[in-house]
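In order, the protein sequence lines correspond to chains A, B, C, D, E and F.
Numbering (the UniProt record's numbering) for the first sequence: 1 to 314.
Numbering (the UniProt record's numbering) for the second sequence: 1 to 314.
Numbering (the UniProt record's numbering) for the third sequence: 1 to 314.
Numbering (the UniProt record's numbering) for the fourth sequence: 1 to 314.
Numbering (the UniProt record's numbering) for the fifth sequence: 1 to 314.
Numbering (the UniProt record's numbering) for the sixth sequence: 1 to 314.
Keep in mind that the hints are not guaranteed to be accurate.
All copies of an identical chain are treated as equivalent in the list; a pair is satisfied when it fits inside any one copy or across any two copies.
To be verified - Derived lysine-lysine pairs resembling DSBU-like cross-links, with alpha carbons at most 30 angstroms apart:
(1) 312 / 227
(2) 72 / 20
(3) 83 / 172
(4) 238 / 312
Read the hints as simulated data drawn from the structure, not as lab findings.
Number of protein chains: 6
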Amino acid sequence: MVLIKNLELGEFFEGFYLIKSVELRQTRAGKDYLAISFQDRTGTISGNIWDANNKAVEQFRAGKVVHMKALKELYNGMPQVNKIQLRLATDSEPNNSKDYREKSPVNEADLREYVQSIVFKIENGTWNRIVRSILKKFDKEFYEFPAAKTNHHAFEGGLAYHTTTMLQLAEKICEVYPQLNSSLMFAGVLLHDMAKCLEFTGFENTSYTLRGNLLGHIVLIDEEVSKAALELGIGDEKEDLLLLRHCLLSHHGELEYGSPIRPQIMEAEMIHQIDMMDASMMMMETATANLEPGQFSQRVWALDNRNFYKPKID
Amino acid sequence: MVLIKNLELGEFFEGFYLIKSVELRQTRAGKDYLAISFQDRTGTISGNIWDANNKAVEQFRAGKVVHMKALKELYNGMPQVNKIQLRLATDSEPNNSKDYREKSPVNEADLREYVQSIVFKIENGTWNRIVRSILKKFDKEFYEFPAAKTNHHAFEGGLAYHTTTMLQLAEKICEVYPQLNSSLMFAGVLLHDMAKCLEFTGFENTSYTLRGNLLGHIVLIDEEVSKAALELGIGDEKEDLLLLRHCLLSHHGELEYGSPIRPQIMEAEMIHQIDMMDASMMMMETATANLEPGQFSQRVWALDNRNFYKPKID
Amino acid sequence: MVLIKNLELGEFFEGFYLIKSVELRQTRAGKDYLAISFQDRTGTISGNIWDANNKAVEQFRAGKVVHMKALKELYNGMPQVNKIQLRLATDSEPNNSKDYREKSPVNEADLREYVQSIVFKIENGTWNRIVRSILKKFDKEFYEFPAAKTNHHAFEGGLAYHTTTMLQLAEKICEVYPQLNSSLMFAGVLLHDMAKCLEFTGFENTSYTLRGNLLGHIVLIDEEVSKAALELGIGDEKEDLLLLRHCLLSHHGELEYGSPIRPQIMEAEMIHQIDMMDASMMMMETATANLEPGQFSQRVWALDNRNFYKPKID
Amino acid sequence: MVLIKNLELGEFFEGFYLIKSVELRQTRAGKDYLAISFQDRTGTISGNIWDANNKAVEQFRAGKVVHMKALKELYNGMPQVNKIQLRLATDSEPNNSKDYREKSPVNEADLREYVQSIVFKIENGTWNRIVRSILKKFDKEFYEFPAAKTNHHAFEGGLAYHTTTMLQLAEKICEVYPQLNSSLMFAGVLLHDMAKCLEFTGFENTSYTLRGNLLGHIVLIDEEVSKAALELGIGDEKEDLLLLRHCLLSHHGELEYGSPIRPQIMEAEMIHQIDMMDASMMMMETATANLEPGQFSQRVWALDNRNFYKPKID
Amino acid sequence: MVLIKNLELGEFFEGFYLIKSVELRQTRAGKDYLAISFQDRTGTISGNIWDANNKAVEQFRAGKVVHMKALKELYNGMPQVNKIQLRLATDSEPNNSKDYREKSPVNEADLREYVQSIVFKIENGTWNRIVRSILKKFDKEFYEFPAAKTNHHAFEGGLAYHTTTMLQLAEKICEVYPQLNSSLMFAGVLLHDMAKCLEFTGFENTSYTLRGNLLGHIVLIDEEVSKAALELGIGDEKEDLLLLRHCLLSHHGELEYGSPIRPQIMEAEMIHQIDMMDASMMMMETATANLEPGQFSQRVWALDNRNFYKPKID
Amino acid sequence: MVLIKNLELGEFFEGFYLIKSVELRQTRAGKDYLAISFQDRTGTISGNIWDANNKAVEQFRAGKVVHMKALKELYNGMPQVNKIQLRLATDSEPNNSKDYREKSPVNEADLREYVQSIVFKIENGTWNRIVRSILKKFDKEFYEFPAAKTNHHAFEGGLAYHTTTMLQLAEKICEVYPQLNSSLMFAGVLLHDMAKCLEFTGFENTSYTLRGNLLGHIVLIDEEVSKAALELGIGDEKEDLLLLRHCLLSHHGELEYGSPIRPQIMEAEMIHQIDMMDASMMMMETATANLEPGQFSQRVWALDNRNFYKPKID
């Protein structure tokens, strides 16, 4: 059983993999074949089943776990698997699709515990009550949803993982800069991307909801906070409420990135900066993860199209 | 009694004027004087009272109407009044400050009637109820507030004047393009700048409120619509609600102008375009209003720093 | 006889279609085939003739009307026609290629009448004479040419259709803003894109002429006006001539869009704005025309790469 | 008799100078004084006449040559002349204002001879005839007008000086790159700024004409060439005519600098580049002309706000 | 003895202050006066000595400590001191100018100790040796120089203060992201601004050196590292040397901010981000330091011209 | 024996060509074939060997000279060769690969002589010694390396060819502008791209070295000059050394093109401008080289995506 990231060029292998996507195509000569993307926790690889008979088309659908014997080769410079022998995994074999998807490196229980410990540290009543109210509403989704469709943290549980890493950064930075209001930092970080739970349709093959498309998650979290305040009887001119909404609305940092207002208090600026910091760390990590030391990565569009070097020295 | 726009260079004049602003300054040689800006419906002009004794300082305050005799001259190329004789207007004289401020060229009753006629044309129930609810809440402010602090429509009643001119444009354009949903156009135009009533402190010497500064009028109108929908029992995923919010949120057209989302339906794009059209017409009108035919205006910063020509031919 | 926009996936159909373009290609295995794009008034669709014998190559040329029986399927997510049976349309069948091309939704006679009525409203003699002179010169082309190669109004008669829609907008807007000189608005709108008749080679498979490429239609209309003025004995410093040329030269609004000068009179700015308005309406219309309600369009490059939503409600 | 560039700080001097500009101002305390800018061939310096009696106001007007005794000092870091004794120059003294204005460092006769020699080298008939025709029309202005209002070559004769320096560059560069069409280079350079003669009002205290403002010199030279071609019977689709117009229209290099089209032939690109080269050389020269070695200049706005260093070594 | 930040409007005060700068100016009426900027640890304030006799000019020079009695007032909205009585501080009074300058809030001994502790943690030999070598060369300047001329950390000791705050951030962030090479982070942070010691002339009234102007501190630190490597016998193709130079060269993050190369390893990106973080914290801190709660600051040019709000709540 | 640029469409030909690159690919049906790019001095053309047996794969490798008989045809609008008969060139045939590569149009001996003559003209001792020292170090590479990977002068010897063309321009321009320091111009031009010898791996199939990627050639030449100065005992604050380094560091003209500093002396600005001039001439030359008169080229990305016209007239 070989993991995808360990497959060697020119060698045959076998193992269990998840069919991530499959498409029925025709060769120029008019013959049907199946173009399949295989996946496990360590990566993805493509291959074609040239004999796309009816049974094959019916069996090999996205979401199915299969046993595959095949040869890894290069096609136009990109790895693919050829000479494929494929069958569905049986019930006695490891056929749970969840085991093959990339997901958050930390388990949910630990994340929940850490989030709770941070909520305790939010001393301001307005912020504490609003955070609790919204966390409760999205109790399930917050730990399942990705933080993005593509780019960074685009995996199951990515939203909570991204948020908690930012909470750690916020804790550290408040130690260096005691002038920062740590309660506001924590409340702002916890909620900043929460409305991704409304913007996305779910955690598998996610896409945008209609309100995600027409309003966006920044407006949607502001709506949630406004409504929570209304329900909790918090006045709409109260300074602490305005400060929290300001941090959430401005967390993209620049108008051209979709914030309707730019950060105008220290905590808003810092929440924006640690959001960028974690997003860029995750993207650089992903870009260089499968490189050999001494190699450069592909260009990363969301990081100004830079490519990144993986040093040989430790 | 001479209007400010009719004052002749090098000639003495007298009349009643409003003190728009006044500042106590010192000459380099350490002597106090009052730097005053005078105003009537037709414009403003500056002048200095060199003998700033206590009585003068006390009497000549912003908001007071005065009788002035003076000489109009140029100082470094800018008109100012010199050799000023000043006294407060008495009760038997025209001393109502409201009569000296620039204001909307249409009277409030006509505006109210027109707005009502448009509300009747909003056929969709969600939009109609939300518009009525919010119009009611800002019933007074909508007809008093300016549409902007500086730039365009920065006068009492400017908000309603700008909004109703845009409604006229919307009506006309819906005749040319029947594919536009006129109900949505009307609802969107009516509400697009309504939260200026929350963003500004009032209609005299207006400045930004705290929520105006930290959230901005685009976010504030979205909050009002969300709350109105909650109170009216309109579901937060209803398409017509989302479309209206989308039109309001995107009406600045570009992210860099403070919209968190760009127009993605026809009506949103058109509301944005007629907003720009009326703002630019008003700014060009203001820039060229006091020019002689054949002259160029000052540069208008908000119109890409262009200056505008007033033709000689009609 | 099924229109292209009504073809159903997975179903056989037959009907008459125009060959819009055809290319002789080779499979990787070295076999010739014909890649054809079929067209009718409602859209286009592609398909391949795998047996590209000499007779086929000779018969099936661009501009020919054919009778086709075929099956609509998807190839890599894009619709195409397969299992094609093809023959030329006979003289007794509907074989006039003009009937299969997209064209202006209004007929030429109505457009001509409307244009004439507007010319009557141009009261200034200079503008009236120049407009008549140039309209006469391009009497045929103005009603045949497209308004653009791709983007908006890229169909036969598109130039006149775009121009007359703008004239309607100009009429309406002059009602809202009586300070606009309607004669100048009409003259400017009528001529603004007229030199597309010199910039493009024609209305079928149009491309750029050499002077279109090296000078562009803005410079070319300025040349036409200058020459007309010379012939009509209108002095080159006359203000009304300069104003008209200014409106034409500045109608792209910004230097970076190819205007050598930015709008500096009200009418020039408004002509630019209604040009943008009609172009964007037409592009949004085209982008959403074939969508189901509730769907988003493809991204539209010329509208800042936005995609547009077609609402479910009316 | 001391030249302005040789005046020493803290020393009295006397000599003849031209009054470049004069303004009647008031001190804050209400007293009239004259603010004068004095000029000779080597520079300008400012000073105030504190006793602005009627006679002084009448005598000391712009364009008058005066005899001045004064002291050079610094005022807020800028040189000015104080303790001024002033009288008009008499007829027996050097009172010709032309002798005090900055002007082209080469004399007109030499420039004319050089321009003629270049015209002889334009071998293509179309270009040669058009150049001769336009040179003849602007025979006087071409040698008198400046090349710009401010920035570079803003002095009498500056247009011809700038043009002939560019011709020298064109000659040299055609030696390095024989693939360039030298006739087109020469014709393009000779005409590129010629319509400054229509854009500016003259060579003293120049400002923009109405057509300069509303059309600009790029459009105006295109008009001149089009009309010359019409008169000379050169067809408006002839390639050589189009190439010349293309070079002239594109000589600002970028759309945002006012060219309606970008250079698309080699010669157009090179004319643009040598135009930039000569303009930047002249601006750097001016910026550093009066510096001591080892000093940095003021920032030069038209050169991206850079400041320039004058080295100590030769 | 009142600190400048505690001076009350409209009240007389007395105390010792440093003359930060002084200029001899003339009133428009020709009378000399001294324009002085006074300073202590808490801020600066301006005032004029209207009787600028010879003795005053001689005594009151920049760098002198004076005893002042005066009245704090507003002049055109800006605080200044009037009715000044001034004398030099005597030897028995607190006349050490160092005591009046703003400086780093941490003392030098603590900073030195902390820096040493970090150097011990740089485990890679190349980096450790280069850091020691350069720290030794700038042993004195590193603890005296400011980090910038204006903007952030523009005070004595600012360079070391900024660097050590960044070191703290680096330590914390390496805890959150163990994949970062902490030795490289520390070496990069320690050296990143070190060449400010070559770019600036010193720590009082600092300006740019010639090499500061012509090369800049990024190039200068690269030169220092290259030379140190040459002296220490470290090959110029060694990967660890290249990585360190890359971090230093890219620490401005973007080419347009003067880095000749953008960050292409994780550590370079993170050094850039914590540099921005500390600079923006310091600028926001400075901008809001003297505000009342509930006020907005002036606009901060280096933070995209934003102004910052100081909340009322803690 | 036909040169590639002279091959006619639809005709068989034969001759000797170099295999520039070769790739083993599979048809969609799974059959191996060789995709080969053939090259001679005049251009490149592609073709496929459909029978990729073991012997073929072994023989036909990049760098081999072959004898080919084949037919030139179009495939999707691009020229390719079909019906290929291929064999390796024998020892008695023209099989030296160097004879088939594009290279500098001037021979190395002439270039060396010209470079020497220029070195003699560098009168300043610092510059002369540094230039000699660095020229000596890169004596071989300077005449072999390309000036760029793609874009302009991307051929063997391109670096020296580009440099010497710029030297010719520098000589000419110093004649027009005697105020330029020709010694500095020559030294700057000679060294400006010299570190491409360190940035690239070589002159065949060149790629970037690690230091090329992480530091770039601008930083690398600055390192070379600094070290040369150290070895030659030239002080690091000497003005002439700083001026030369400034010219080299700023030769890309703008920060966003990778210069850490912008040109701030005349010579630096001029070196930048003639660098741009030669690069753009070479790119326009390349783009239009194989066009028929009257055609437009492909768009050239590095010239703002313009396409260029090749006139019909000479």
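Checked hints:
1. Taking identical chains as interchangeable, the C-alpha atoms of residue 312 and residue 227 lie at most 30 angstroms apart only when they sit on different chains, with a minimum of 24 angstroms there against 53 angstroms within one chain.
2. Proximity of residue 72 to residue 20 under the C-alpha cut-off of 30 angstroms is found in both arrangements, the shortest distances being 18 angstroms within a copy and 27 angstroms between copies.
3. For a Cα distance limit of 30 angstroms, the shortest separation of residue 83 from residue 172 qualifies neither inside one copy, at 52 angstroms, nor across copies, at 50 angstroms.
4. Within a single copy, residue 238 and residue 312 get their C-alpha atoms only as close as 55 angstroms, which misses the 30 angstroms cut-off; across copies the closest is 11 angstroms, which meets it.
Comparing the model with each earlier hint shows a violation of hint 3 alone; every other hint is respected.
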